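K.L.:
Generate coordinates for the entire structure from the input sequences, incorporating the hints supplied.
Following full-length UniProt numbering, the numbering of the sequence shown begins with 1 at its first residue and continues without gaps.
Honestly, the hints are just simulated from the structure, not real lab data.
In this text the structure is predicted, and so the values were computed from the model without any measurement.
Some clues are possibly wrong.
No farther apart than 25 Å at their CA atoms in a straight line, the calculated lysine-lysine pairs in the DSS-like style are these [what the hints assert, rightly or not]:
| hint | residue 1 | residue 2 |
| --- | --- | --- |
| 1 | K380 | K104 |
| 2 | K22 | K4 |
| 3 | K18 | K63 |
| 4 | K164 | K86 |
Label-pair distances were calculated between CB atoms; the ranges are [unchecked claim]:
| hint | residue 1 | residue 2 | range |
| --- | --- | --- | --- |
| 5 | R402 | D5 | 39 to 45 Å |
| 6 | P10 | L144 | 27 to 33 Å |
| 7 | N105 | T196 | 34 to 40 Å |
| 8 | N261 | T196 | 44 to 50 Å |
| 9 | E150 | I100 | 25 to 31 Å |
| 10 | N367 | I100 | 16 to 22 Å |
| 11 | E374 | K190 | 23 to 29 Å |
| 12 | T169 | L258 | 27 to 33 Å |
| 13 | Y328 | E396 | 42 to 48 Å |
| 14 | T169 | E374 | 25 to 31 Å |
| 15 | F138 | Y328 | 25 to 31 Å |
| 16 | I100 | R402 | 33 to 39 Å |
| 17 | E168 | G362 | 34 to 40 Å |
We put the beta carbon where it would ideally sit given N, CA and C, even for glycine.
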Amino acid sequence: MNIKDFTEDPEVRDLIAKIKSKNPKVSDTLDDQGNQYVDIVMEGGGVLGIALVGYTYALEQAKIKFCSLAGTSAGAINAMMLASVKPTKYSTSSEELIDIISNKNFFDFVDGEPYVKKIIKDVLSDQPMIWVGIKNLFNLGKLLRLIREELGLNEGKNFEDWVKNILETHQIHSTSDLQNHRNTVASQLKLKEGVTGNTVFSSKIAIIASDVTTQTKVEFPLHKELYFKNSDEVSPSKYVRATMSIPLFFKPFTVQNLPENQEKLWEKTVGYEGEIPKKISFVDGGTLSNFPINVFHLSAGVPRKPTFGVRLGKDRQKFNSIKTFLKYFFAIFNTMRYLHDYDFLLKNRDYKHLIGMIDTDGHNWLNFDITDEEKLDLFKRGVRAAADFVDKFDWEGYKKLRGTMG
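P.N.:
Below is the structure:
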């Protein structure tokens with residue numbers, strides 16, 4: 001596939017034309033080219049993240065760009081790429097990202113032993129699970145031993161190297177490079193004529209990961225000094241690898257030789273009062289917060305730019321049918337990972353006006369053996385959802401709502 005398979009698809013072209021014709025007004029924050037800026041938070045969801053690329057592509061085609069960006073797992077990948085990838089071949093960062101993923105074989109990220117790859121490919125196929133078990137019977141013992149000893153089936157190195165290479169292609173070698181680039185973006189922003197308020201802007205990145213050693217919800221790069229010596233020199237690819245540590249599928253991302261004598265900093269920033277461990281293990285940020293919509297929240301006042309949220313699928317529209325052990329397990333797991341996010345949304349109901357939902361039904365979030373047709377379908381679903389959201393979003397109405405809030 002190539003970028004034109006996505007951007008020149010007839011339905012995509014029609015949807016983009018529809019969005020452009022609306023000329024949506026979504027923010028009071030602009031640059032000199034007339035682009036509007038919003039903050040954006042994206043939900044995690046494995047390979048379903050391709051739909052996020054479609055969503056942000058549609059927004060950028062409507063001259064809606066991103067100031068601060070946040071995400072978990074797949075949402076963090078898109079956030080980091082949009083924050084780092086500078087348009088060179090194309091006019092927007094989203095198009096650069098489409099070009100990158102269009103010919104990427106996502107099964108490359110499955111970088112475990114050959115027998116592990118075979119089992120995963122069989123599981124992702126349409127074969128009955130009993131037949132998959134019989135075919136791989138002699139390797140099941142090795143598989144269980146690997147999980148017990150290594151806590152995961154795949155190294156995750158291929159994924160981390162992929163992200164690192166993309167960032168370095170765009171001159172992002174370190175956290176300081178990333179922040180300098182975002183500072184440049186923020187310095188070019190201004191308020192729309194006739195709008196008053198603070199004219200000093202900042203562009204933040206928030207990658208959410210789960211430190212299971214100290215039971216800490218981590219926000220990178222904000223908390224980088226807790227985990228890394230010379231933290232300004234750390235490649236941001238490590239933050240993305242930390243949040244993509246899908247339990248059991250990938251080995252936990254680990255950090256050793258933590259900065260010493262930082263007990264007060266740990267207590268002040270994340271409330272951890274114990275001894276600093278010699279080694280930290282991270283798992284998928286989605287285990288604690290799969291949709292960190294609160295990260296850029298302003299509790300009072302009328303914002304000069306909204307915080308858009310993008311969700312992968314619709315939740316809590318039907319109850320869990322708990323009839324098997326696996327369904328019971330996943331019901332517990334999903335309740336834990338969404339509880340904090342749901343609680344915030346319940347207390348801040350104005351956010352329902354800011355969140356777009358992408359229908360991902362029929363797609364498996366762990367399908368790293370995804371076909372080209374499935375990639376395109378997810379992308380189109382993202383574009384579709386963005387077109388629907390932009391059509392309904394009322395910026396002036398939202399500001400009036402915020403003005404009535406305490």
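K.L.:
Now look at each hint and say whether the structure bears it out.
P.N.:
Cross-check of the supplied hints:
1. K380 with K104: Holds: K380 and K104 sit about 18 Å apart, inside 25 Å.
2. K22 with K4: Between K22 and K4 the Cα gap is close to 24 Å, so the pair holds against 25 Å.
3. K18 with K63: 13 Å, holds
4. K164 with K86: 15 Å, holds
5. R402 with D5: 39 to 45 Å: This hint holds: roughly 41 Å between Cβ atoms.
6. P10 with L144: 27 to 33 Å: Given about 48 Å between the Cβ atoms, the range is violated.
7. N105 with T196: 34 to 40 Å: With a Cβ separation near 51 Å, N105 and T196 fall outside 34 to 40 Å, so the hint is violated.
8. N261 with T196: 44 to 50 Å: 46 Å, holds
9. E150 with I100: 25 to 31 Å: At 29 Å between Cβs, range holds.
10. N367 with I100: 16 to 22 Å: Given a distance of about 19 Å, which is inside 16 to 22 Å, the answer is holds.
11. E374 with K190: 23 to 29 Å: The hinted range 23 to 29 Å is violated for E374 and K190, with Cβ atoms some 42 Å apart.
12. T169 with L258: 27 to 33 Å: 30 Å, holds
13. Y328 with E396: 42 to 48 Å: Because 47 Å falls inside the window, the suggested range holds.
14. T169 with E374: 25 to 31 Å: 26 Å, holds
15. F138 with Y328: 25 to 31 Å: At roughly 30 Å between Cβ atoms, Y328 and F138 fall inside 25 to 31 Å, so the hint holds.
16. I100 with R402: 33 to 39 Å: The hinted range 33 to 39 Å holds for I100 and R402, with Cβ atoms some 37 Å apart.
17. E168 with G362: 34 to 40 Å: 36 Å, holds
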